[in-house]
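*Asks:* Chain by chain, the residues:
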Amino acid sequence: MDRSDETYDRDQEVRGPVEDDAGEPDLSGIDRRAFFGVVAACSLGLTGAALATPAIASLVPPARSIDGKTKIGALAIVAVKDLPVNKPVPFEYGDDEVFAIRQTGDKVLVLSAACPHVACKLHWDDATKRFACPCHASFFTLAGVKISGPAVRNMDPAAFTIQNGTIVVSSIKTA
Amino acid sequence: MKKFFRSIVAAWDERFQLTDRLHRSLLDKPVPMHARRFWFCFGGLTFFVALVQVITGIFLMFYYEPTPERAYASVWYISHVVNYGWLIRSVHNWGSQLMIVFVIIHMIRVYVTASYKHPREFNWVAGVILFVVTMAFGLTGYLLPWDNKAYWGSTVATSLMAQVPYIGGQIQQIAVGGSALGAPTLTRFFNLHIMVLPAVLIMGLLTHFWMIRRQGISGPM
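Going line by line, the protein sequences match chains A and B. Residue numbers for the first sequence, in the working numbering: 1 to 175. Residue numbers for the second sequence, in the working numbering: 1 to 221.
Honestly, I wouldn't trust all of these hints.
Claimed, not checked - Subject to a maximum C-alpha distance of 30 angstroms in a straight line, what follows is the list of computed DSS-like cross-link-like pairs (lysine-lysine):
1) 121(A) with 107(A)
2) 173(A) with 107(A)
3) 29(B) with 173(A)
4) 29(B) with 69(A)
5) 69(A) with 87(A)
6) 81(A) with 121(A)
Said to hold, decoys possible - The calculated label-pair distances, taken between Cβ atoms and stated as ranges, are:
7) 162(B) with 137(A): 49 to 55 angstroms
8) 95(A) with 182(B): 31 to 37 angstroms
9) 57(A) with 73(B): 38 to 44 angstroms
10) 112(B) with 34(A): 37 to 43 angstroms
11) 92(A) with 76(B): 23 to 29 angstroms
12) 34(A) with 17(B): 23 to 29 angstroms
13) 7(B) with 34(A): 17 to 23 angstroms
In case anyone wonders, no lab produced these hints; they're calculated from the structure. Think of the CB as a built atom: it goes at the ideal place given N, C-alpha and C, for glycine as much as any other residue.
Can you build the whole structure from these sequences, using the hints too?
*Replies:* Below you can see the structure in the form of structure tokens.
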């Protein structure tokens, strides 16, 4: 086929030979050009929406600050008198989880549930009376002091106050 | 709906003849048959990736902090905490690599089809400048995450600058902003990456495109 510039006719190529349309049923009154216009507009619109979604979503400030702190501020989690003695209870704090602990003599403690090793979620093993990490078997006492395992420090404490007998957590730092 | 948009376009056209001008100056330029080939697409592809880099770069700048204390933390933050930050940063990273690949393929195509010859020598020169700008984008962007790879990679790159005869030492000092890589280097590279190089890139591209429109695509082989 000769594809040199001399025989090139743009309109011919865009519309196609006229005979092509002869004898075909008129589907809905839109010609081929209009149909492809609609198809192009729809796919452009879909593509644009698909690209705009992550772009706009990225501008929404994340719940966690650059220091790793959850930026929800003070959150009342539980009344001290509702806590069982010497048995940690997990509570959600934003994206994080904390253990509220009421020790003998009403000494209150709030610890991050993220293991200080690689931040797996700790759980309280009531049989052995210690916090256990499901990932790499780090263990901690009720007060969050490291017993054994690959963790290099004690459990991270959360900052809290007690207002009218209720524990109010104000910040927690997790890596 | 369609009527509504038509009326807006008509209002602008009546005053500025936008559609007609756009059509005459940009759109009504059929690509010659001999240039409708896969290998002729890479100039346009490079430009497309450059646009992607500009857009993703703007979104990265919403969170990136160009200081030695915060650079790595902010990049980590983008990749792990910011919504879709991982996607935007990955696209920017892969785009930077693709842009260099595309620009090299584009250069090889222009060389093989002898498109750089008279009367298009100046456009080849403009293209080489754009190639250097692209490489400079890669070099300066490489330092910005401020991790060990970035630090030592840039140390090697700036040490190479010192190998230039006679003025190498000065070139290195100006690039680094001191005797060793540090906070001044990060500031400099960031400024180059987001202000200086984009300005040069835009001017270079305008020249590049203006020349190709004036002279047209080179003839068939």
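*Asks:* Take the hints in turn and mark each one as holding or not.
*Replies:* Evaluated hints:
Between residue 121(A) and residue 107(A) the alpha-carbon distance is near 24 angstroms, which keeps this suggested pair within the 30 angstroms criterion. Restraint check for residue 173(A) and residue 107(A): the C-alpha separation of about 22 angstroms stays at or below 30 angstroms, so the hint holds. As the CA atoms of residue 29(B) and residue 173(A) are separated by approximately 60 angstroms, the hinted pair breaks the 30 angstroms bound. For the hint linking residue 29(B) to residue 69(A), the alpha-carbon distance of about 56 angstroms lies beyond 30 angstroms, and the restraint is violated.
Of the pairs offered as hints, the one joining residue 69(A) and residue 87(A) holds, with about 26 angstroms between alpha carbons and a cut-off of 30 angstroms not exceeded. Between the alpha carbons of residue 81(A) and residue 121(A) the distance comes to roughly 26 angstroms, so the proposed pair stays at or under 30 angstroms and holds. In this structure the hint that residue 162(B) and residue 137(A) lie 49 to 55 angstroms apart at CB holds, the actual value being about 51 angstroms. As the Cβ distance of residue 95(A) to residue 182(B) is approximately 35 angstroms, the hint placing it in 31 to 37 angstroms holds.
The beta-carbon spacing between residue 57(A) and residue 73(B), approximately 21 angstroms, falls outside the hinted interval of 38 to 44 angstroms. The supplied range of 37 to 43 angstroms is met by residue 112(B) and residue 34(A), whose beta-carbon atoms lie about 41 angstroms from each other. With their beta carbons about 24 angstroms apart, residue 92(A) and residue 76(B) fall inside the hinted range of 23 to 29 angstroms. For the hinted restraint 23 to 29 angstroms between residue 34(A) and residue 17(B), the CB-CB distance of approximately 24 angstroms keeps it satisfied.
Distance hint for residue 7(B) and residue 34(A): a CB-CB separation of about 19 angstroms, consistent with the stated range 17 to 23 angstroms.
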